[in-house]
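J.: Sequence:
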Amino acid sequence: MIRQDQICKLVAAPAAALALLLLAGCASPANRQAMVPQALGALQTHPYSVRIQSSGGSDTGALDSSNIPDADLKSAIEETVVSNKVFKSVVQGKDGDYELSVRVTSLSKPIIGFSFTVKMEAAWSLLKVSDQSVVMRKSIKSSGTATTGDALVGVTRLRLAVEASARDNISQGLQALSALKL
17 MIRQDQICKL
27 VAAPAAALAL
37 LLLAGCASPA
47 NRQAMVPQAL
57 GALQTHPYSV
67 RIQSSGGSDT
77 GALDSSNIPD
87 ADLKSAIEET
97 VVSNKVFKSV
107 VQGKDGDYEL
117 SVRVTSLSKP
127 IIGFSFTVKM
137 EAAWSLLKVS
147 DQSVVMRKSI
157 KSSGTATTGD
167 ALVGVTRLRL
177 AVEASARDNI
187 SQGLQALSAL
197 KL
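Residue numbers (the numbering used here): 17 to 198.
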């Protein structure tokens, strides 16, 4: 005969596993729009065109944690450059007076916790196309934190922290570009 405490043990383990699975959810990539910083304040506008490329990011797999796809990082940087008028224009292809390359070199993400802090490092490089001279080369470190107040579900909280870290990195990078005398 099965006792009540045995029934509780038999039911409790699967129920806890199911609750954990529901709270864990599936990973989703960083949202491009959420990586775009809001107004950066008064930035210097350079009267030149720029083309932008990004690398070092990665897509988010179904069983992976939240990542930053290269195309989304590039789009977020382009949108921020345009909205803050850091350069006269953003161009595609081989055109452009300058070429901005942003390469994600590290994205450090926590595995578990109530507060997630993601640390990102990206190499920012600005090249003058006409003479192939490097105008700026800078490693930018940023971080972003999300708490249970931002999102109860862990994968959502992690995605929010990844987006905040990327947003901070883009903000710092464009402020550094704006300060240049081109």
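These aren't lab readings, by the way, just hints derived from the structure by calculation.
Because the structure is a prediction, the values reported are computed rather than measured.
Quick reminder that beta carbons are idealized off the backbone N, C-alpha and C, glycines included.
Don't take every hint at face value.
[Unchecked claim] Simulated DEER-style distance windows between Cβ atoms:
#1 Gly57 - Lys125: 25 to 35 angstroms
#2 Asn47 - Ser117: 31 to 41 angstroms
#3 Ser131 - Ala50: 27 to 37 angstroms
#4 Phe130 - Gly109: 15 to 25 angstroms
#5 Ser146 - Asp166: 37 to 47 angstroms
J.: Looking at the structure, which of the earlier hints fail to hold?
T.: The structure breaks hints 2, 3, 4; every other hint is satisfied.
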